[in-house]
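Starting from the given sequences, assemble the full structure and let the hints guide the process.
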Amino acid sequence: MAWSVAPQASWVAEANRGERPEFRPIPGPFNAAALIEDALERSQIADEFADDDFVEPLGIFCQALEETARLTPLGRWATQRYLRRLLDVRLELEAHEAAHPALADEAIVEPIFVIGPPRSGTTVLHRHLGAVAGHRVSRGWEFTRPLPPPDPETYEHDPRILKTADELEFPQAVATGLRSIHTYSAQMPKECLSAMSFATRTEEFISRYNVPSYVDWLRTCDMAPAYAMHRRVLRVLQQRMPPARWVLKSPVHLQAVPTLVATYPDASFVVTHREPAQFLASVSSLVATLRSAFSSSVDVVSIGRYHQSLYQRSLNTLVDHVDRNVLPPDRTVHVSFKDLVADTPATVASICERIGVDPTAGRLSSNIVAKEVREDAAGAHKYQPSDFGLDNTDISRSFERYRTRFID
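Position in the sequence shown counted from 1, then plus 674, gives you our numbering.
Take these hints with a grain of salt, some might be off.
Claimed, not checked - What follows is a set of in silico ranges between Cβ atoms, one per label pair, in the way DEER data are often shown:
{"#": "1", "residue 1": "R1075", "residue 2": "A724", "range": "36 to 46 Å"}
{"#": "2", "residue 1": "P703", "residue 2": "R1079", "range": "42 to 52 Å"}
{"#": "3", "residue 1": "A1020", "residue 2": "E830", "range": "32 to 42 Å"}
Please keep in mind that the hints were generated in silico from the structure rather than gathered at the bench. Note that beta-carbon positions come from the ideal geometry of N, C-alpha and C, so glycine has one too.
In structure tokens, the structure reads:
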């Protein structure tokens, strides 16, 4: 079955025709200076942001939105809401840090990072390791609206849960095919990628929008401010909660392994591996569907080629990082998706043993983990690699170094 954009509900067409006032975007182009001024006026927290390392990438992103994203009216409205939230949270974070200077000394102790390409078992391992007693994953609402710091007494019914649910579930309501590919909600564990978006140096922008000029900038920029923001958010999230070991996950860490390790020098790493031909079309399908929610045109071939280039570079470079011990050998475990599918309980037990975790202390049964791994292997969405300009022979050739080391 060839990939195609899923049908959209009638209200989406009405909104794009301007017939739904509640979804009418603010007139005018996206502009970093205007967004910053608007955030300062609305917040009344400060007269200016504490630092400006987010301004350049925000400006490049805004220009790309106007030039190449082809946003629908509903897409402009949703993007305005999204960028407003990012700047609002950044201001709130700066104010909170100024009021609590000791927060800068708060340690993030021995976190566990699950990293690897999409559809390689990262999600289920993230959930399983996060369910171990004494461990913690961040839920969707926490990485979306981290302030004020979560409190144990209100954690399960925090008012931000409903507010975040509306934003996170909105793209799934617009792009009806998204739920069958990748479901997410305010209460589900969330990739830590979102914490980096407050620095406006993030792959999250690229997943949502066709912004090639921003892609070019992000590829060569210093990611230290993004990882500093990541750490700042974790400090806030743990400030009032019982001590716990963080379990974090995102494929984007493959693009900046040295910076990740430098930011969290005592971290452990679970690195998953899968045949590239099996995940490239899958992640391309997800991104194409996500972009279709708010764009009038989606170039699926360029999406496929982008992901092949992205992961060819990062996974082949991963071989160098392993050879040079950038990832600490005594705190890194490599996991074959093939092994995870063949014997899930044994593979999970081996992972836990390597990183010093009691595999019996989890709240997820091995049957649940095995079921989710099988579903991940099968995939919920059907398509052909050629739909995205992908050729299996070319993929095998371009990933030869990675495949020789971790797949064959």
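Structure versus earlier hints - violations, ascending order:
none
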